[in-house]
Amino acid sequence: MRRPLALAALVLTLAAPPASADDQLRLLVADDLRSLGFHEVDVDSLTLNQLAAIHAVAHDKRRGGGRRGMIRSILGGRNSLRGLFRQ
Numbered sequence: 001m002r003r004p005l006a007l008a009a010l011v012l013t014l015a016a017p018p019a020s021a022d023d024q025l026r027l028l029v030a031d032d033l034r035s036l037g038f039h040e041v042d043v044d045s046l047t048l049n050q051l052a053a054i055h056a057v058a059h060d061k062r063r064g065g066g067r068r069g070m071i072r073s074i075l076g077g078r079n080s081l082r083g084l085f086r087q
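Everything in the sequence shown is counted per our numbering, starting at 1 for the first residue and increasing by one.
Keep in mind that the hints were calculated from the coordinates and are not lab data.
Hints should not be assumed to be uniformly reliable.
Unchecked claim - Per label pair, the in silico range of CB-to-CB distance:
no.: 1; residue 1: Ala21; residue 2: Gly66; range: 26 to 32 Å
no.: 2; residue 1: Gly69; residue 2: Ser20; range: 27 to 33 Å
no.: 3; residue 1: Ser20; residue 2: Gly66; range: 28 to 34 Å
no.: 4; residue 1: Asp42; residue 2: Arg68; range: 17 to 23 Å
no.: 5; residue 1: Arg34; residue 2: Gly76; range: 27 to 33 Å
no.: 6; residue 1: Asp42; residue 2: Ser20; range: 27 to 33 Å
no.: 7; residue 1: Gly66; residue 2: Asp23; range: 24 to 30 Å
no.: 8; residue 1: Ser20; residue 2: Arg62; range: 17 to 23 Å
no.: 9; residue 1: Gly69; residue 2: Thr47; range: 17 to 23 Å
no.: 10; residue 1: Ser73; residue 2: His39; range: 29 to 35 Å
no.: 11; residue 1: Asp42; residue 2: Arg62; range: 16 to 22 Å
no.: 12; residue 1: Arg62; residue 2: Gly37; range: 16 to 22 Å
no.: 13; residue 1: Arg62; residue 2: Glu40; range: 16 to 22 Å
no.: 14; residue 1: Leu27; residue 2: Arg68; range: 28 to 34 Å
Quantities reported herein were computed from a predicted structural model and do not represent experimental measurements.
Beta carbons: idealized from backbone N, C-alpha and C, even for Gly.
Construct the complete structure from the given sequences, taking the supplied hints into account.
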């Protein structure tokens with residue numbers, strides 16, 4: 001009885017397509033953004049360069065409290081700090 005169940009589980013595991021590196025990075029960045037308080041960001045709309053930059057900033061051990069500001073700047077748009085300096 002256990003053998004057919006184990007075989008079925010193995011077949012289903014092998015049939016599932018492996019996640020690409022881009023998909024894995026998107027999942028990691030989504031986690032990073034949530035943990036830093038960016039709950040409304042659509043990770044699927046970010047470019048690969050933005051994803052890599054956000055992941056690097058989120059895991060930089062040398063950076064202090066400036067992480068949120070750096071990530072706002074990377075995100076651009078309404079999350080950007082650039083809008084504060086326009087007159």
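| field | Distance restraint hint 16 to 22 Å, applied to the beta-carbon atoms of arginine 62 and glutamate 40 | value | violated (28 Å)
Self-check item: Range hint compliance [Cβ, arginine 34 to glycine 76, 27 to 33 Å]
Solution: violated (19 Å)
| Taking the beta carbons of alanine 21 and glycine 66, is their distance inside 26 to 32 Å? | holds (28 Å)
**Asked** Does the Cβ distance between glycine 66 and aspartate 23 fall inside 24 to 30 Å?
**Response** holds (29 Å)
- prompt: Does the Cβ pair serine 20, glycine 66 satisfy 28 to 34 Å?
  reply: At roughly 31 Å between Cβ atoms, glycine 66 and serine 20 fall inside 28 to 34 Å, so the hint holds.
message = I want to verify a distance hint. Is the separation of the beta carbons of leucine 27 and arginine 68 within 28 to 34 Å?
response = The hint (28 to 34 Å, Cβ to Cβ) is violated, given that leucine 27 and arginine 68 are roughly 21 Å apart.
| request: Check the following: the C-beta atoms of aspartate 42 and arginine 62 are separated by a distance inside 16 to 22 Å. | output: violated (29 Å)
* When you take the CB atoms of aspartate 42 and serine 20, is the distance between them in 27 to 33 Å? -> Given about 19 Å between the Cβ atoms, the range is violated.
Is it true that the C-beta distance of glycine 69 to threonine 47 lies inside 17 to 23 Å, as the hint says? holds (20 Å)
- Given the range 29 to 35 Å, decide if the beta-carbon distance of serine 73 to histidine 39 lies inside it. violated (18 Å)
Given the hint of 17 to 23 Å, is the C-beta distance from serine 20 to arginine 62 inside that range or not? violated (30 Å)
Using the beta carbons of aspartate 42 and arginine 68, state whether their distance is inside 17 to 23 Å or not.
holds (18 Å)
Consistency with the previously given hints fails for numbers 5, 6, 8, 10, 11, 13, 14, ordered from lowest to highest.
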